[in-house]
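Next come the chains, spelled out residue by residue.
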Amino acid sequence: MGSNFAECHPVGFRWAMKARERGAKLIHVDPRFTRTSAMCDVHVPIRSGSDIAFLGGIINYILSEDRWFKEYVLHYTNASTIVADTFQDTDELDGIFSGFDAEARHYDNRAWAYEGTLPGMPTQVKSADQPHAKEGQPGVDFKRFPPRTDPTLRHPRCVFQIVKRHYARYTPETVARICGCTEAQFLEVARTLCDNSGRERTSAFVYAVGWTQHTVGVQYIRAATLIQALLGNVGRPGGGILALRGHATIQGSTDIATLYNLLPGYLPAPSAQVPQHSTLEGWLENEMPTTGWWANGRKYMVSFLRAWYGDAARADNEWGYQYLPKNVGDHSHMPMFVAMHEGVLRGFMAIGQNPAVGGQNAVYQRAGLARLEWLVVKDLFVTETADFWKAPDVTDPSAIQTEVFFFPSSTTPEMDGSYTNTQRLVQWHEKGVASPGDCKSDLWFTHQLVKRLKRMYAGSTDPKDEPFQVLTWDFEEVDGEASALSVLKEINGYTLPDRKLVPTFGDLKDDGSTAAGAWIYTGIHPEDGVNLAASRVSDDYVALGWAFAWPANRRILYNRASADPAGKPWSDRKRYVWWEPARREWVGYDVPDFPSTKAPSAKGVWSRGGMDALDGDHPFIMKPDGKIWLYAPSGIIDGPLPTHYEPWEGPVANGLYKLHPRNPVAKTFNVVGNKYIDPGDPAFPIVVSTYRLTEHHLSGAMTRWLPWLAALMPELFIEISPELAQQRGIDNAGWVTVSTPRGAIECKALVTRRLRPFEVMGRTVHQVGMPFHWGYRGVVTGDVTNELAAMVADPNVTIHEAKVFMCQVESGRHAKAVLAGLGDAPRPMPHVGRRERQAAEANIDRAIALTAAATDPGQIVVEKPPFPFDQPVGVYHG
Amino acid sequence: MAKGFYTDTTVCIGCKACQAACHQWNELPALNDGVVEMTGNSYDNTGRLNAVDWRHVRFIEQFPEDRHQEGFLKGSRWLMMSDVCKHCVRAGCLEVCPTGAIIRTEFDSVYIQQDVCNGCRACIPACPFGVVDLGEDGKAHKCTLCYDRMQHGMEPACAQACPTDSIRFGEVSELMALADQRVADLRGAGVPAYVYGKEEIVGGLNCFFLLVDKPEVYGLPSEPRLPSEHVDEGFALSALAAAAVAVGSVVAFRKDRMDGMHGDEEDFAPRTAPPVDAGGAPPPARPAGAETVSFMHAVHGANEASRARRAAPALASAECGGGGCGGACGCHA
Amino acid sequence: MIPPPLASLLAQVGSPYVGHGFPPHWGWYIVLYFFCGGLAAGTYFIATLLLLVGDPRDREAVRLGYLLSFPLLLLCAVLLILDLGVPLRFWHMVVQSERIPVPMFKPWSPISLGTWILSIFGLFAAPAFLWALAEGGRLHWQPAVSLIRWAGLRSRPVMLAWNAAGTVFGLALAGYTGVLVTGTTIPVWQNARLMGALFLVSATSTSYALLMLLLLRRDAAGSAPTVAKLARADRFSMVLELVLIALLVVLLGRASRPLTTGGFGVLFWVGVVGVGVVAPLLLHRGIMRGWSVPRRELVAAACVLAGGLLLRFVVVMSPQYPAVSLWSL
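Chains as they are written, first to last, in our numbering: chain A, 1 to 878; chain B, 879 to 1211; chain C, 1212 to 1540.
It should be emphasised that the hints constitute simulated quantities derived from the structure, not laboratory data.
One thing to keep in mind: the hints can contain errors.
Label pairs and their in silico Cβ distance ranges [as the list claims (entries may be wrong)]:
hint: 1; chain 1: B; residue 1: Glu1078; chain 2: A; residue 2: Ala434; range: 50 to 58 angstroms
hint: 2; chain 1: B; residue 1: Gln940; chain 2: A; residue 2: Glu183; range: 24 to 32 angstroms
hint: 3; chain 1: A; residue 1: Asp572; chain 2: B; residue 2: Glu915; range: 56 to 64 angstroms
hint: 4; chain 1: A; residue 1: Asp731; chain 2: B; residue 2: Gln1029; range: 48 to 56 angstroms
Simulated coverage check for chain B against chain A, where a stretch passes if three residues somewhere in it have a Cβ under 8 angstroms from a Cβ of chain A [what the hints assert, rightly or not]:
hint: 5; region: 889–897
hint: 6; region: 914–922
hint: 7; region: 955–961
Ideal placement from N, C-alpha and C gives every residue a C-beta, glycine not left out.
Kindly generate the complete structure, drawing on both the sequences and the hints.
Laid out in structure tokens, this is it:
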């Protein structure tokens, strides 16, 4: 679900096909009949944006049909944990959970806490809002005692009962009504899933941006988590929820923190909005739980700081913690472009990124670029972003003051480096050929940039320049760039001062005697001359000898769950990691994800903290209580349980809630040129999904310049059902104009029976689909699909909602006329005027004031920071 | 030692990696440098195998008339198939090539030697699968089964690039065994699969396919025919015609003889030489020359005959030696 | 010689060519080659026949026939070479380019066979041509003269034998041009077993026409008796041609559609059958009484020639460019 596996990840799909040849059953739930559907045993078309209803239905089926994996659920999930009576479900409040602040459109998740952790727990509202909290940090205080449980699962407020009640409404009829599928289809999927789960068998969910790019994106995946937990499909071979990443090593870029709110290894970045973050101790106190694996957080943070600031990181200066820049708000993609419009952001580096085509509401984003003072673009070709000032809709390029620097980029075969793919497998690649002309690797670019910056700041006495002065940058230099291997070694970590490589993150210390760039990667280069990422020893099963998977070369996380509470494999067929009583240790085909000698029967002592707090049958060690959270008392901004909300722009009313049909805390951008469509607006009656094709890559920056690939998919098109085509008088391969309040574009029609209208809530809903690979540069060009999309996002991670929004479709070419009618869509405009500049200064001043305020722990932040600094964000599933 | 492809269409995801890999390895230009129109024919925009697309992925959308959910799901298929030169055991292109440019390699593949081909284009209409095509360089082009790679023990680019192993390369006999097994499995699962390219197809295809629908659905002929099929009959019938024409002409020429001196030329009588001379020819409009005279014998002395006749008709038969002329000179042979 | 435009190439999409090859991009060169090849063969054949069973009055026609045949043949060779994608490699057809001078001969390949037929026919046609020149008193080049002598062409039997042999190859050439298209997998061509025969007959009829045309234009009165014979023979050929066309279309059945329908269909029925065969026959049979006989003969001959050219044009082009408008060719 939520993925066109065969289309967008053909190489990975190889394994799906292999599984199928060996008898596995593939199910595809998707609005369109795609290349993937063609390869699956079952295809169930459901309307875009109705997945949670479908998944909720499955949860309800599992519970009402009593198909859940009792022993697994009882021991490995928080089903038995009792929730405080302050929690109220959406059913009671018609679409919202308790703790909702209507005016701030924000939840106070103290209302969702476990019983017993209130009252008197430290107020950590902000912290709870920190999306990285979902990496495992609790918003509730486990420091005193473990949460209360009821192993009989009878307590009306135990998680199990709450979940059961919450999903009771998701009956097959409801699912069919909301999703537009039939009950029979739904039941077939549910039944197949249950039949194929348990001791003997496991099922896996595979998703991609089809699930994430929604205003409830995170909850989509949470819903799958519930199913997999209830069916016992986590931590076991053939199970899990597999995210297909959008491009090569995007996983790696999240690990080694390209995200503003993360430090390498998923250590939360300090935020000026969190008073506790003003000191290292406060940060640890606030972000690192005392129980579970994260109790080791201090070691990782200190080692990380040592890696960055070397000897300048000392015990007496909080290991250089204060050198780290602090966030003052949401600095993710869309807010950045809003900040450009407001004149807050004046320079921008687009490295391997093409927002002029790939950005939501592309016209708005190009207009943002037009207000920059300078723009650096580093890419393989001169992309639309580099040429944004020559966009077709720019009437007078000379009016755009932005200074654009273009750096031709090397491509993978021309550099050493590594790919981290979706299952955290890090594979090394060597330089094969020299780059043509002036093309340089990103490593070269960064290395040269840092060297110059350090030179610039060398003489400065301004304390704010100190971080640059003390930053360690001692990589060995190979023809102008830092050697990738020396970077890898720093990431792996070494002892100080003798700089011996560290074999495992178990060896990292919090006394400053070790340095590690990213603790999760420690062990990838355990000793000199041994680069595990480059190892290529294969076998026919787990293949531990093939490259390196973080953490600790572990291929399946939480694999202790592949054995029953007593440590015996659930079944011979599914044996993976188990307890060997004779040797008194965990053994198996994989690296056990558990203290190797901790017996299954071991009882944890909570007060001891760390791993000692957990029992021998608590496999989910990154969680403070060692269990899967069916119910998330904290860490999720928009609710402890996934529930069906209509998309921000949807065709119908919510089948469950009247008062709050959409995600009440969705992140909206109420700026000029980003007008939203009200639910059910007759002017825009058609549901559109944007997506990718095998033949092209994202904005086409890597493929539209290649004639070979261009010829395979030469023109932008829209996939339309014959029904809609007939209704609108559209011919196959004829021209079509597609419009939203954001923009209007022209493209060819691909009329195909692979699409069909849905019967939803008693009315017919037409769904169309559009790839978004085309722009105004390259061998083949076309209109920019993303000019249609709106900037609206999931509150947890600020991922945009591109998989479903509304539009109008007409036959023929009249985008110009439609655009003229749009009015307030902003066009790239001259440099920022005086008024905007003043507003910008004001914003910056307030941001700084905020930071200052935040650094005083005593003071509680009352002022809501000015847009765009309103809410922080987290991991982007690109 | 025959090498070939086994293309299992049931695992083809239509990613076109084979097409791209082929272009890359063989350094083929893109169709019209990449700037082509969208065809509207599903996801296929290159149309057919041609001089620059030696692999071509077909997309066949099969969806029932019943557009309601249940019906929509019943029997909905999107077939994909990566087409390629079949490297036939009995190859039409090889048969007709007049320059010996098209050869059968040591791997039993059919290969066009670009340094020999002179662009007569006989092979293009000779291929029953429409594989061979004319390149911008005026020569015939088609899949080489990556002859250059095979010579170094490498598998062809497309097979290596195929992510789902829809394209397998190897010993034809072994591949065929694999295919038969796969067919058995699929049929077991109720899929009407079969192998296209056994002996009945022009003596067998070294590059064969596993299909689940009629060959025509995939743009393949059920009964491909070889160009030589009717050539012999063609020649035979021509010979007959030749004979007929010859006989007919002879008859026509002799007709006036049979009608005596009468026939159509009566129409000409008024405008030609006097009737007495009806049989005679006008005096040769040419200067008399020694050598030409000597040649006159070649035309069995017709000149002397006529000249003599003009002098004294009685001598005619004597002169011509009684029918030596076959009667042409008007004697009574 | 570039492939057809994408548009026409994609016209096949949806109803892809199934079970036969793609158009060889044969164009005017081939059409003219087929036409001239026929004439070369026909004129030679007629000359020889007249030599065999004609009478002195046909001498002019005989000479004319041999005079025409060889140059036409040379023209054929030129057209063929020009038509090649790589003209300079024409010799690859005769000699194995890798194993010079091993001859390149594949009797089962129509083109290879044809190349040899053409070449050998050339060997026969050349001396005949020289002889005709000599006969016309236009040959003053001594070596050639002695060649003729040496070849013994002065003696009637040799001359007959020689030209009879040549005629065999000549007719083979005429027929092979038709068989050439039969040696493909394009249905309308491949199934046309009679194409060779048809081309051959058409070759003779057009040749008769050509000879008549020239004779009449030169000296209507003087050539009258010969023309009369030729006309008779031509009529026979044309009737035979008509029969063959009918058979061809009938035997082809549905496969004949490219030929008999659409724009090409019009050309075929009106041009080839109407103008090329029926009209001349009628003229011979004496319609247009108002016209003088020679005039009728002249017009008829012109029609036959036009029809013969059209026949080859339609046959060659119609299956190749179904999606292209006739007039864009």
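Hints, one by one, checked against the model:
1. B:Glu1078 x A:Ala434: 50 to 58 angstroms: About 53 angstroms separates the Cβ atoms of B:Glu1078 and A:Ala434, which means 50 to 58 angstroms holds.
2. B:Gln940 x A:Glu183: 24 to 32 angstroms: holds (26 angstroms)
3. A:Asp572 x B:Glu915: 56 to 64 angstroms: holds (58 angstroms)
4. A:Asp731 x B:Gln1029: 48 to 56 angstroms: For A:Asp731 and B:Gln1029 the Cβ distance comes to about 50 angstroms; the hint holds.
5. 889–897: holds (count 7)
6. 914–922: Our answer is that it holds, as 7 residues pass the Cβ test (under 8 angstroms) against chain A, meeting three.
7. 955–961: Holds, because 4 residues of the region 955–961 of chain B bring their Cβ atoms closer than 8 angstroms to Cβ atoms of chain A.
In summary, this structure violates none of the numbered hints.
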